[in-house]
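Chains as they are written, first to last, in our numbering: chain A, 1360 to 1933; chain B, 4 to 248.
Derived from the structure by calculation, the hints contain no laboratory data.
None of these values were measured; they are calculated from a predicted model.
Among the hints, a few may not be true.
Calculated pairs, BS3-like style, for lysine-lysine (alpha carbon to alpha carbon, straight line, at most 27 angstroms) [as the list claims (entries may be wrong)]:
#1 B:K42 with A:K1839
#2 B:K88 with B:K5
#3 B:K116 with A:K1660
#4 A:K1511 with B:K42
#5 B:K42 with B:K88
#6 B:K9 with B:K116
#7 A:K1840 with B:K5
#8 A:K1687 with B:K88
#9 A:K1564 with B:K82
#10 A:K1687 with B:K116
#11 A:K1511 with B:K5
#12 B:K133 with A:K1468
#13 A:K1850 with B:K109
#14 B:K200 with A:K1511
#15 B:K82 with A:K1687
#16 A:K1564 with B:K109
#17 A:K1773 with A:K1791
#18 B:K116 with B:K82
Derived DEER-like restraints, expressed as beta-carbon distance ranges [said to hold, decoys possible]:
#19 A:A1540 with B:Y212: 29 to 35 angstroms
#20 A:Y1918 with B:D191: 38 to 44 angstroms
#21 A:G1671 with B:K209: 51 to 57 angstroms
#22 A:E1802 with B:K88: 34 to 40 angstroms
Ideal placement from N, C-alpha and C gives every residue a C-beta, glycine not left out.
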Amino acid sequence: MIHEYDVVVIGGGIAGLYTALTASENAKVAVISKVHVTRSHSVAAQGGIAASLGNEEEDHWEWHMYDTVKGSDFLADQHAVEVLAQEAPNAIYTLEHMGVPFSRNAQGKIEQRRFGGHTRNFGEAPIKRACYASDRTGRAIMDTLYDRCLQKGVVFHNEVFIQHLLFALNSCCGAAGYDLATTEPQVFHAKAVVLATGGCGKIYKTTSNGFASTGDGFALALDALLSLEDMEFVQFHPTGIYGLGILISEAARAEGGVLRNGLGERFMERYAPTLKDLAPRDIVSRAVLNEIGEGKGVEGKDYVYLDLRELGRERLNQKLPEITSLIKTYLGIDPSETQVPVAPTCHYMMGGIPTDAEGHVLADKSGTVLPGLYAAGECACVSVHGANRLGCNSLIDLVVFGRRTGLSIFNEIKARLVHPLPVQAESLVLDKINSLLESHGTERTAGLREALQCLMTEECSVFRNGKTLEDALGQVHQLKKRLLNVGLTNKSRVFNYELQEALELGNMLRVAEVIVYSALQRQESRGAHFRSDYPQRNDEEWLKHTFVNETPTGLKETYKPVAAGRFAPEKRRY
Amino acid sequence: MKATFKVYRFTPETDREPHYDTYTINAEPNERILDCLNKIRWQQDPTLSFRMSCAHGICGSDGLTINSQSALACQKLVKDYDYTKEILVEPLRYFCVVKDLIVDLKPFFERIKSITPQTPLSQVTVEPEKERIQTPEERSRFDDALKCILCACCYGACPVMTEQDEGFVGPAAVLREQRYIYDSRTTDAKERLEILKKPHGVWACKSYYMCTLVCPKNIKVTEAILRTKNKIITEQPKQDATGES
Ligand SMILES: Cc1cc2nc3c(=O)[nH]c(=O)nc-3n(C[C@H](O)[C@H](O)[C@H](O)COP(=O)(O)OP(=O)(O)OC[C@H]3O[C@@H](n4cnc5c(N)ncnc54)[C@H](O)[C@@H]3O)c2cc1C
């Protein structure tokens, strides 16, 4: 079936919905999502959204910008960070006027709390910059945006799984995939296509991400012969519930929680004397694993404690109700009485599809715009997060750059021509599905996926080195070969998740390969990328963005200088 | 330890009638029911279909009927049930089954949409200068309604929907209006109350409290519905309050 729209947005998280809402001012817009839109993983965001409103104490966008640049280990492009920090307050007011139910302070203003790496006066002390709706910030924003999109007449294609971007005359003119309920091909013809497909935490064994975070958008970009930028920078959040990886937001430490090792010590004081438990995530995650490596995990095991007992029951219920109930449900303990076992969990991709600050996808490192294609949210790399993202800076990125992407489309759509659809669009989708359904291959998706997840967790997570990365790359190649021989037991065409997961695994493997490859090339340590064989940051050689693309002979890398700005690289001390 | 699951199965392409399959897997008391279903699917039977996304009770994908009661598979652990016996897993009630544990949720999301006034919105491309003021007390009036994750467990549990008034707009829809009706910033609260006064609206609720009982987010759904009824009665002229004139 062929659908005609002005704009199709692939992905219905906050980035996708915000872009859709903005573009729908003057265009016919559809949002496509492989899970029902209201199930997109943005609903899981807990702690907050950063903006220098100054509602609790003096704050300035320049301080926010400095923290973001320093948090990125100076890899972020400073003109983009400037946009983010400068536009953040207005973005929050706009959300508020749309109806987002932010928590309020005694003056009736939007309440703000501390968050990791956000400081007063260029690093002096933690600052209250995170706006929030208790610990359901993502849900609150998503619900509001969803209702607004309904009122604006945005059309939703739920449970449609996109497989291909379509191009004509070097311009993106649509996307094709299939309806999960029927396995019927669905072709979307449009003047503008937006990728807002989120991250890929599912390539790791332990992650805070949902099942849909399989990096499809990254693979769609690779298919279009585009490069992926800075994919070696994978964020591990220090406080996932041990064993499950379910997130306990930094808000827990912002509200007074502290990390303790097996000896009961507040070990973060040693690693970050000023910010302590509210240091940026790369630093806290390494500290946790360091303690564990030195045998100071709890009972010598591979976890530490998050101690929330100081907060008391009332404060926990008031400020962190969702987190408190997660801990009760999954661990059977009351965090006001018992410490919570935590360990790092894969959380966020700093890298992604290269875009400019207007949401245009860039075809190469020199900045050529690919007409008709846009990207926003976690799948995009503007780059505002560089080598390490600060907490609360993703949600504000989604809103600021979602809006800018929507505005670009708003301004450009009238002048854009309708390019014809490639004739084979439907068969592209069907051929792949049919060959999988008919395959007699002996490999099974679940086993291959588990092998990939273990491999990435063991050899390409918080700490890396050349030897393990080489090995990982070889193993990913092996897994890719084995996937060619995958077979399906399930032949149904109605909600065939075995089929979906086989296709997703193909994407996960390609993205994993790019991550490992990018990490192997970068012979330094910066932000979330820590090479134990190159433990120092090396600005002389590596103050540059990695661009990796697929070629017939394998992956190839090129580099692009970082856009400098008002803050010169300095040693990161917290 | 072992746990046994009796699972509702229906494949529209091949089955005339639904049937049940029984699976025994290795499971721990602390494991999520969702983990168990995934073990079944990944280790024994890839033909089984059910929805999932976040796996920790915030996205609302995996509402099912477990041992005859609506629940989220990711929020219930094996130990929440008597695992010395078979655990019965079925699709949400009220809705039509599409395949196995997957139901057609269109009637649910259409109703959520039906309660949204279609008034034109102000342009979102124009940015406001400041936030509107709202006191913490005003904000707290609709806090409970914000917890809703649109999982539809309440529809599957509501005796009105399943037995009396199939067209009832449903607990989740009435609840969702709360977040607007009780929000001091809302300008279209009247319009929203009008929508709820219509036939199959709020008055169809007969306060069985089943929604409250099953709500995975522990929302006091029935209380919220009663509050809305009360608001309609107290704020509007008597004769048309129930929307029946
Ligand atoms: C548990 C958790 C808590 C977090 N808390 C915070 C926080 O407090 N503050 C903060 O700033 N950040 C937070 N983050 C990070 C932030 O929430 C995410 O980075 C952000 O929500 C990603 O949004 P998105 O719109 O880019 O993508 P998502 O919300 O992930 O949405 C992706 C969309 O793409 C669709 N999709 C993907 N592939 C396809 C395909 N092939 N076909 C069709 N559709 C497809 C999906 O269905 C979905 O609709 C948190 C993240 C997690 C996991």
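Hints, verified against the model:
For the given pair, B:K42 sits about 24 angstroms from A:K1839 by alpha-carbon distance, which is consistent with the 27 angstroms threshold. Between B:K88 and B:K5, the direct Cα distance comes to roughly 10 angstroms. Compliance with the 27 angstroms bound is thereby established for this hinted pair. Under the criterion of a C-alpha separation no larger than 27 angstroms, the hint pairing B:K116 with A:K1660 is inconsistent with the structure, at around 50 angstroms. Of the supplied pair hints, the one linking A:K1511 and B:K42 is violated, its CA atoms being roughly 42 angstroms apart against a limit of 27 angstroms.
The hinted pair formed by B:K42 and B:K88 meets the criterion: a straight-line CA distance of about 18 angstroms does not exceed 27 angstroms. The suggested pairing of B:K9 with B:K116 is violated, with an alpha-carbon distance near 35 angstroms, which exceeds 27 angstroms. Only pairs whose Cα atoms come within 27 angstroms are accepted, and A:K1840 paired with B:K5 is rejected, the gap being roughly 35 angstroms. For the hint pairing A:K1687 with B:K88, the CA-to-CA distance comes to about 25 angstroms; that is within 27 angstroms, so the pair holds.
Of the supplied pair hints, the one linking A:K1564 and B:K82 holds, its CA atoms being roughly 24 angstroms apart against a limit of 27 angstroms. Note on A:K1687 and B:K116: the hinted pairing is violated, with a Cα-Cα distance of about 34 angstroms set against a maximum of 27 angstroms. Taken as a hint, the A:K1511 and B:K5 pair is broken in the structure, with Cα atoms around 51 angstroms apart against an allowance of 27 angstroms. For a cut-off of 27 angstroms, the pair hint linking B:K133 to A:K1468 stands: about 10 angstroms separates their Cα positions.
Straight-line distance between C-alpha atoms of A:K1850 and B:K109 comes to about 25 angstroms, which keeps the hinted pair within the 27 angstroms bound. Straight-line distance between C-alpha atoms of B:K200 and A:K1511 comes to about 24 angstroms, which keeps the hinted pair within the 27 angstroms bound. Simply put, B:K82 and A:K1687 have alpha-carbon atoms about 14 angstroms apart, close enough for the 27 angstroms limit, and the pair holds. A threshold of 27 angstroms between alpha carbons decides the hint, and for A:K1564 with B:K109 the separation of about 34 angstroms lies outside it, so the pair is violated.
For the suggested pair A:K1773 and A:K1791, the alpha carbons sit about 35 angstroms apart, so the restraint of at most 27 angstroms is broken. Using a Cα cut-off of 27 angstroms, the hinted pair B:K116 and B:K82 is violated, with the two alpha carbons roughly 37 angstroms apart. Distance hint check: the CB atoms of A:A1540 and B:Y212 are about 34 angstroms apart, consistent with the given range 29 to 35 angstroms. At about 53 angstroms, the beta-carbon gap between A:Y1918 and B:D191 misses the expected band of 38 to 44 angstroms.
Under the hint 51 to 57 angstroms, the C-beta atoms of A:G1671 and B:K209, about 40 angstroms apart, miss the expected range. Separated by about 36 angstroms at the C-beta atoms, A:E1802 and B:K88 satisfy the suggested range of 34 to 40 angstroms.
In this structure, the hints that do not hold are numbers 3, 4, 6, 7, 10, 11, 16, 17, 18, 20, 21, in rising order.
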